[in-house]
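Residues per chain are reported as follows:
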Amino acid sequence: MSNDILFLAEFAAGTPARSALELATGAAELASQSGGSAVALAYGSGAADGAAALGAHGAARAVVLGDEDRPAITYAPALVAATRDAGMALLAPATPNGRDLAAAVVGSLHVPAFGPVRAARVVDGVVETEQATLQGAVVTTARPVDGAPSPSVVLVLANTFTPAEGGSGSAEVSQAPAAGDSALTRATVAESHEAEAKVVNLEEASIIVAGGRGVASEEGFAPLRELASALGGAVGASRAAADAGWIPYQLQIGQTGKVVKPALYIGAGISGAIQHRVGMQTAEHVVAINKDPDAPIGEFADLFVVGDLFQIIPALTDEIRRRKGA
Amino acid sequence: VKIVVCIKQVPATGADKRYTDDLTLDRASVDAIINPLDEYAIEQALRLADAGIADSVTYLSMGPDQAAEALRRALAMGGDDAVLVTDAALSGADEWATARVLAAALDKLAPDVALMGMASDDARGSLVPGAVAAMRDVPLLSYGSELQVADGAARVRRLSATGFDWITAPLPVVATVTDQVGEPRYASLKGIMAAKRKPLETWSLADVGLSADELKGAALTVVTDARPPEEKAPTERIENLPAAEAATKIADWLSARKLI
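Respectively, the protein sequence lines represent chains A and U.
Taking the working numbering, the leading residue of the first sequence gets 1, the next gets one more, and so forth.
Taking the working numbering, the leading residue of the second sequence gets 327, the next gets one more, and so forth.
Next up, chain U with everything else stripped away, as it sits in the complex (with noise of 0.2 angstroms):
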């Protein structure tokens, strides 16, 4: 069973963010992480791969160059071999244009599983996994608190509305894992040193067989504006009374906006 994690390098959580003028994220000038729902994709694989269930883990990414730095934090904390997409062509890519991408890269990987996080911390679309699946025509499995690889077939448990499913569909397959799996581990200095030499390879659009007019300047959606939310009323507070006055209190206030 081979495993391919997809993983993003996403601003650090609580980092001052922001767009730069032509309106797209400013990556250059903040830290930047795995995202950490991917870490749980990472761990989940890993766990395979303790197992003996999966042979070989494969990371891919697609970003800038320095995306790089993200691809060495996954392979020390375990797996083979990384991939980098990176193209000028790829800046600004929307989610149709990363999922293109990805499917491209991995027509060519070819894996079993193809597993990603959730969500990523920035932009919570969600949307990448299921278009991957559609683009490449194989099935998903989705939302999985955990993955099991065994007789040539995945599955995944995932919360239903009155309890949890075990859904499961033949290989090969996209999967998307929840942050239930289990904490991912933390990089030994063994295998940081041993990350050093792993294999990781960068590829052009090119290399993945796509053309930059394909990707129709690596977005069909644009924004137009980019502004801070909107100043919210400074919060009241309700300090050092006794409990039934502040019942009182907190009473009026839901009263006076008819939430009773």
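Just chain A, same shape as in the assembly (with noise of 0.2 angstroms):
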């Protein structure tokens, strides 16, 4: 069995996701207990050419599994190929076309799952991980049976491992092995509609200002804009306010929506319902701004504002601004 540790590159529109630059990191760390190499699994547009430049971020090698745009869950046969009998651990972003290709390799190879963890180690030789589970109620450890096969296959929150920068290495780069025939490549983009307004995305944020029912209207988002912008962050909604048509669905964080864990999230007129809660419950700071001096989100936040969001936004912008010199 090799010790490699490999991991998921998502390529869109000639750049890497920002999860294929943490994954590197996280997998030349595995790497390095291990005594293996990271190796990346590079797809979707711009994996050819992109690929080698992922050995700055800590992938030994890279393994194209092709450069087209197309569905996701159609470079499975080619993730499977690759990822056969050549590693101790597969890392998979936890995020819908990451859990799509993870779960294919799961199904095909019949290997180990874990995840979504936020963390990973190998101990004793197979890869050993940490998982809050039962929306937040417990942690558990987990690792693969005796004699399990691999590798195991573990998704990964965003910001579970920060990317290393500066490095100056290149990853050698290889074409995948040949893949068998496979009914998971007859999915196929039929219609692709543009949304009115270009969108962020919101698990490569490092800092979220989110809006829910309180925000009270599509209006209602430019103060936490304002306040976004200031902080150097991105906007983010409860499904409340996505519902209700004041933000587009991309930015819901939530169970149905993104599972965020930036640096910093504030929640501005935002109650903390659990299925909001399991998609922000892993940020390191959470900043609270609620007229309800009940809500359940004081509960879990750092620190509990209450207050008038729509003065106290505004307020917060313009000292910031004024810190920053701005």
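No wet-lab data here; the hints were simulated from the structure.
Fair warning: this is a prediction, and the values are worked out from it, not measured in the lab.
Ideal Cβ placement from N, Cα and C applies to all residues, glycine included.
One should not assume that every hint holds.
What the hints assert, rightly or not - Some but not every residue of chain A turned toward chain U, in silico, with C-beta under 7 angstroms:
(1) ALA104
(2) SER108
(3) ARG186
(4) ALA190
(5) GLU191
(6) VAL200
(7) GLU204
(8) ALA240
(9) ALA244
(10) GLY245
(11) LEU264
Using the hints, put the two chains back together into the complex; each one sits in its own frame.
Shown next as structure tokens:
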């Protein structure tokens, strides 16, 4: 068995997803514990040209699964071929595409699956993971059963690893081995619709200002955008705000939206229902602003500000701009 | 068009959940419900049945005997019949083992669309649908905010990075839907009465053609420790201050943590 640590590296529109950089560094960390190498499995538009640069973040080698813009799941057969007997663990981002591809590996190779995890390490020659489960009520440590086949497939939450920067290394690039025929390649994009407004990828934001029912309207998000801009962050929302049509669903945080792990999460007018909480509970710092002194978010926030968000947020934006000298 | 909706019984949202001494989920001591996100898959299937597109809707679950209650509740919402795969050898099943059992049961039921919710409340790996698709070698259409079936193909509306796509594949498929398909219907009293007479079969592992050996003890993973989350520091509160003063205090708090 190889001791290599594989990771899934998604590319779109010519550039790697932030998850690819994070997992390159995470895989390198685990590989230093296992005595193997970090190996990127790169797919999507830009993968062929961009894979070598993952070396700067920790990848020793990169295997290109394909370079076209098509549904991620159609890369599953190439991924399975590149993963078979190839390493101790496969790290995949806990995103819809990452989960679909990881699942195809689990179903094709009959290997153990973990996650979404918030920490991983190599102990006694196998990968050991840490995961918050049962809606955050329990934290579990898990590992493969003795004699389980490799690699272990590990879904990793965003911001679990911080991309190493400034490395000058270049990953050695090769093409994926020939894949078998599979029905998973038969999914195609029939129609593509662009949103009216450009949306950011919340999973990549290190600061998020999120609004909920208390924001009350589409216009109500304007002061949140100002604050996010002053902080260098992005705007997110609860399901209530997305359902109301105040903000695109791409910006919804929670069980059925994005699972985020920013350094700072500011929730404004968000009550903190369990479905929202599971999408942001691993944020490093949580600030809540709410009129209701008994809002559930006050029980798990680090800082709870009771008051009117429409007064406090503009004042905070001014104060931050003043301190930043802008 | 034949649809099989896979559902999971989970501890009620907000229930006091814990692990037992053998580090498996204590399912006996808490109220159990249909996994809330599976109700959207049920709703999507029933809408296709209401529209005359689906000819039959069958529910499939793997779990202990009491999971039959979840299947009865689903039947009360609508649909035709249900199958529970239950076996002592399945206790503590992980996602791989669950997918293996569902895939085997689906081989036997042979639906055009195997439909699932996007995640479960209690595990959240969301790996079962894709693993089932790979095991059965059928296309996967995931995270649909709507599912349509026509002309021997299925398609889902799925959020993209910049908008949304319609992604399509020829039948049969495994599909998953989100909470955007429409609010799940309530079971009517008539529905609850009718559900009692709808067929509900119980299958063992052998009935789906699997042996306990093939399931390797129902798991390729083992939980070695389960503990409460780390105690967090108590919440600091700012109240009854004018906005400008509150803003200064928040900014101080952020500065102290090098966040600005």
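Checked hints:
no., hint, result
1, ALA104, "holds (4 angstroms)"
2, SER108, "holds (5 angstroms)"
3, ARG186, "holds (5 angstroms)"
4, ALA190, "holds (4 angstroms)"
5, GLU191, "holds (4 angstroms)"
6, VAL200, "violated (9 angstroms)"
7, GLU204, "violated (11 angstroms)"
8, ALA240, "violated (12 angstroms)"
9, ALA244, "violated (13 angstroms)"
10, GLY245, "violated (12 angstroms)"
11, LEU264, "holds (5 angstroms)"
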